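S.K.: Protein chains in written order, with our numbering: chain A, 1 to 617; chain B, 1 to 134; chain C, 1 to 77.
Hints are not guaranteed to be accurate.
For lysine-lysine, the following DSS-like pairs were computed, each having C-alpha atoms within a straight-line distance of at most 30 Å [as the list claims (entries may be wrong)]:
(1) A:Lys150 x A:Lys128
(2) A:Lys524 x A:Lys393
(3) C:Lys21 x A:Lys506
(4) A:Lys473 x C:Lys2
(5) C:Lys2 x A:Lys234
(6) C:Lys21 x C:Lys54
(7) A:Lys234 x A:Lys218
(8) A:Lys304 x A:Lys218
(9) A:Lys366 x A:Lys393
(10) A:Lys506 x A:Lys473
(11) A:Lys304 x A:Lys393
(12) C:Lys54 x A:Lys234
(13) A:Lys147 x A:Lys115
(14) C:Lys21 x A:Lys234
(15) A:Lys115 x A:Lys150
Since the hints were derived computationally from the structure, they do not count as laboratory data.
As the structure is a prediction and not an experimental result, all values here were calculated from the model.
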Amino acid sequence: MYGYAGDILRVNLSTSAVTHEPLSEDLASEYIGGRGFGAYFAYREIPAGADPLGPANKLIVASGPFAGVFLPSGAKTSLSAKSPATGLYGDSNVGGHLAGEMKYAGFDAIIIEGKAKEPSYLFIEDEKVEIRPCGRLWGMGAIEAEKALKEQLGDEFQIATIGPAGENMVVFASVNHDIGRQAGRCGMGAVMGSKNLKAVAIRGTKNVPVADMDGLRKVADEMFTALMANPALKAWQDQGLAQVTTWSNSIGALPTRNFHQNSYENAESFSGERMRREIVVRDKACFACPMATGKFCRASYRGKTVYLEGPEYETTALIGSNCALGSIEEVAYANYLCDELGLDTISAGNAVAFAMECFEKGIITKEDTGGLEIRFGSLHAFVEVAKLIAERKGIGEALSGGVRAAAAVWGQGSEDFAIQVKGLEWSGYESRGAPSMMLAYMTCDIGAHHNRAWSITHDIAVGRGVIEGKAAKVIELQHIRPLFDCLGVCRLQWVELGLPLEYYAKLYPAVTGRRDSWDDLLNKSEKIWNLTRAFAIRERADFGRADDQPPRRFLQEPVPDGPLAGLRITREDLDRLLDEYYDLRGWDRNGRPTVETLRRLGLGELASELQAMGRIS
Amino acid sequence: MEIDVERCTGCKLCQLVCSVGNFGENNPKKAGIRIVSRLFTEARYDVVVCDQCGECIEACPVDAISMADGIVRIDPDICTNCGICVETCPNGALFVHPEVDHPIKCVACGECARLCPRGVLGALAQAGEGEVAS
Amino acid sequence: MKVTLEFAKVLTVIRPELPEKVDLDLPEGATLEDALAAAGVPQGLWGITLVGDKVCGTGERLSDGDRVTVLPPVSGG
């Protein structure tokens, strides 16, 4: 099959059974790959009510037809499972060099089931697949373990690891790859940890066949040439995503002091220019990517010098301004620590900021913290709390379940400023002044993440106060952006450098030989969107509109200062946004797809199942 | 030969381009160039590619390797894939692939240099004129 | 002095009324920020700005004949 390796690898860690299943043409054409495969297998194979940290959960590692193929940055791997953070479908994707390697080894997806009897790692070299005891790797930092495996197996192995946080099943534990790239969100590291799986190491030597190599070469060549001629490329190579910080601050979107504010008086010290000047050692790219947004950096703290990849914008926003740290080097050190511990920097930044606010408000005290002063601005506090979370000790035990769970333990009104949706902590764009972005966070299928739809410039362009029409924009983006995660290709070349979507539409037939138009692919993306929604509805009888709500802080507290001082979002605005959104999607006003909508999308079987359960009508 | 390794970002597009241009495959292991990560120890990448020094010519027991116009080539019809040249190469720039019955090396076709986003491989572009291996 | 502003294509998609290119006549000593204001680009809708091939902040003083490239703000990765 063109564009695919052709096989799915199934590994049962409980029984040590390793099987190969041919990828069916139906699955490939209907669900494309990556997140699409993840959603398909998660719905079909993870039973409703399964414990996300039990052996019945499955981890689906999948890439798509564009990965590993001659085109810009076919570098994306999706990791999907039932998320321990949300109890719903979750996925997170990672760049680097994993996606191609998996296909060169012969696999479009790896489905990991069960639980190993002892801490193990999965070894894959072409046809050779082994579950090996991981010995002394267990307990190591995520990067330390990757280094040890590279030394043992060789540099050509591409490796994904978890750190202590994953081993200890912190619900926002990340999966680490290529030193500083993470599938950070939704706790995929905890799922690996629950399976006693420390790492996956892959090397492959095979071809990924394509339908029309000459056609592909022509389009890809044009894409590379257009990227190289793009005036923005140099800025990206120079600063990567760090350039967002100054802009985000200037428009009132930069999370500050646990989202109390949305601009930070010290943001200038986090600017892309300062980062480049103060800590960047080398530019670092994902596979076949001219942008090289990865910044390999050096940072020192208390006499210890460390190397890391990053920080990129999200980390700077959630750890830097959201915990009110002082310099980009402090952020970089905290970033390094999270990477080694195997903590998602977005959720970890949220969790520590939440603890800082609770401490400053007296909700938790020195008695709870073992004498530690957990105040905004303290890197020391960040370091100590992050370690407690990874070890699940002291206040780290409550925080290891995420801010929603910690607020349930600590109470006293703290749930109002636990900044999350569906149990997943909010990423780097405070949105009281950006209704479409707020809606994007509320309706994102995995919780409060920006990757599905990002629309702040739309709010600025058509007016921050405007509500009508914004749901349509969010829906449009929720179909386009995840499509890239299905195809296994990075979307930055399109979304940031403006590489026209027409190129991707031309790549698809050249790679796969299928005739789908871009609109056909968007319809499939819509189907996948409804499938992950269906997962939630099958999971919980009470799932619906109440799960699509932002934290009360954004309704109750106007922005205290900065460019958007005085703004907040009202209940009326939220209701209008949601009503419009549900209507356009063909969902009822409780946010449930109708039987008719699911049938229109080719999910008739699933519609009947949910209807029989009394979940939809 | 000048290769500006300091500018390399480790994207490995060169390996991919080489396999596309020389073998018609998307297969970076089937390529005459390697990017090796030394990030863990030295915070940099290495580019491993033939500099056409010719030491392998002497080493080959069956005279399968020769130089013409400054480019060292392996004749696949003569080569027995014994691996002696691979061992001999001072740069480690001859690569073995399970599906190819002779070592793979750079013939300076220049495709990778043309597309390298950082101009790391400039010298390779000057060496060849768009010629690809058999 | 005469200055040319060029808007990246992504920006003109977000904000269709922006031209791809505009020639401005600005007083001596004008900054990049003055040029953006004169062209009517609302704050928050520009990201990186280049004068010639050099990335410059909006406080940069412009010279006669400068070619300014205006790039959109990043789009959230």
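S.K.: All hints, please: hold or fail.
M.R.: Hints and how they fare:
For the proposed pair Lys150 of chain A and Lys128 of chain A, the alpha carbon gap of about 18 Å is at most 30 Å, so the pair holds. Proposed proximity of Lys524 of chain A and Lys393 of chain A is contradicted: the alpha carbons are some 44 Å apart, above 30 Å. Annotation: proposed proximity of Lys21 of chain C to Lys506 of chain A holds, straight-line Cα distance about 29 Å (limit 30 Å). Under the criterion of a C-alpha separation no larger than 30 Å, the hint pairing Lys473 of chain A with Lys2 of chain C is inconsistent with the structure, at around 38 Å.
For the proposed pair Lys2 of chain C and Lys234 of chain A, the alpha carbon gap of about 25 Å is at most 30 Å, so the pair holds. Taking the CA atoms of Lys21 of chain C and Lys54 of chain C, the gap is near 18 Å; set against the 30 Å cutoff, the hint holds. A C-alpha spacing of about 24 Å is found between Lys234 of chain A and Lys218 of chain A, which places the hinted pair at or below 30 Å, so the restraint holds. With a C-alpha separation of about 49 Å, the suggested pairing of Lys304 of chain A with Lys218 of chain A is violated against the 30 Å cut-off.
For the given pair, Lys366 of chain A sits about 15 Å from Lys393 of chain A by alpha-carbon distance, which is consistent with the 30 Å threshold. Proposed proximity of Lys506 of chain A and Lys473 of chain A is supported: the alpha carbons are some 24 Å apart, at most 30 Å. Of the pairs offered as hints, the one joining Lys304 of chain A and Lys393 of chain A holds, with about 24 Å between alpha carbons and a cut-off of 30 Å not exceeded. Only pairs whose Cα atoms come within 30 Å are accepted, and Lys54 of chain C paired with Lys234 of chain A is accepted, the gap being roughly 9 Å.
Of the supplied pair hints, the one linking Lys147 of chain A and Lys115 of chain A holds, its CA atoms being roughly 25 Å apart against a limit of 30 Å. Restraint check for Lys21 of chain C and Lys234 of chain A: the C-alpha separation of about 21 Å stays at or below 30 Å, so the hint holds. Between Lys115 of chain A and Lys150 of chain A the alpha-carbon distance is near 24 Å, which keeps this suggested pair within the 30 Å criterion.
Comparing the model with each numbered hint stated earlier shows that hints 2, 4 and 8 do not hold.
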